[in-house]
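Given these sequences and hints, build the entire structure.
For the record, the sequence lines run as chains W and Z.
The numbering of the first sequence is our numbering, which starts it at 100 and goes up by one.
The numbering of the second sequence is our numbering, which starts it at 330 and goes up by one.
Hint data in this document are derived by calculation from the structure and do not stem from the laboratory.
Quantities reported herein were computed from a predicted structural model and do not represent experimental measurements.
In this text, a Cβ means the ideal position worked out from N, Cα and C, and glycines have one as well.
A portion of the hints provided could be inaccurate.
What the hints assert, rightly or not - Chain Z is faced by these chain W residues, among others (derived, beta-carbon under 8 angstroms):
no.	residue
1	L300
2	E303
3	L306
4	T307
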Amino acid sequence: MTSKFSFIKAVSILLKVVWYAQWLFMGSLVVFAITIIANPSFVDLDKLNGFKVEFKKVELPRSIVSPPNEKRDVFLTNGTGRMHIEDYKSNIVLHRLLGVLLELFIFMMIIHFLTKLFNNMAKGDYFILENGIFIKFISFLIIASGIIPNILYYIINLNIENTLHLDAIIFKSRLSLDLKTILLGLLVFVIAQVFIKGNELREENELTI
Amino acid sequence: MPIITNLDVMLAKRKMSLTELSERIGITMANLSILKKGKAKAIRFTTLTAICNILECQPGDILEYKEEEPN
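Encoded structure:
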């Protein structure tokens with residue numbers, strides 16, 4: 100029992116460290132975004148290479164370069180198949196940055212609720228209504244993280260689709276939802292309902308004389 | 330709750346204090362207080378038996394059903 104309790108406390112402290120580190124990261128991203136707004140020429144891929152966020156100067160794979168007079172579709176999707184283009188415009192970089200900030204914000208909120216949850220658990224409060232509500236918020240945020248950034252990236256890719264032109268290649272933006280994350284969010288939602296029901300049962304048990 | 334408890338009435342009739350009742354039936358004062366104030370959500374048969382035994386009454390003397398007034 101004691102070891103479990105200390106594990107919860109250790110996780111709680113770790114989450115606090117992550118929480119502050121995220122603020123630091125978010126702050127640096129905001130400063131970066133403001134710099135781009137103030138000075139669009141700042142967007143230089145050689146400079147951006149150091150950030151390692153989303154911007155990397157990567158050569159287009161040879162496999163997608165079609166022979167002349169032959170048109171081929173190239174889909175712009177998220178994840179490993181994300182497009183890397185050399186003539187990034189500052190607004191596209193800014194949009195990408197907004198996407199990263201949004202993802203980070205969702206993640207920060209999850210960490211925030213998780214920290215509160217672990218704090219309650221460290222105090223020995225498990226089946227309380229507050230925990231159920233926190234878990235419910237976390238589930239909504241997980242579902243949102245599987246939907247919202249992808250929609251944003253879809254819009255960004257639409258922007259790329261309309262601005263980037265390469266010979267023999269047609270760029271097409273494709274919306275891809277993260278189904279695994281959405282399912283995970285739904286599972287967490289069920290756990291939240293279990294906690295809320297658990298709180299009801301605890302109250303009922305306490306008020307049974 | 331449409332069920333109300335008349336524990337205080339029965340205690341007055343038997344000239345017994347809540348503390349004495351709690352000591353005799355082995356239930357904490359806090360729990361008996363919840364029952365007396367009508368905040369309890371449920372009552373165990375064992376508790377009801379113990380109260381009826383000590384106060385020499387029927388469950389109907391302690392519990393009463395009153396229809397809720399519409400708001």
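Hints the structure fails to honour: 1
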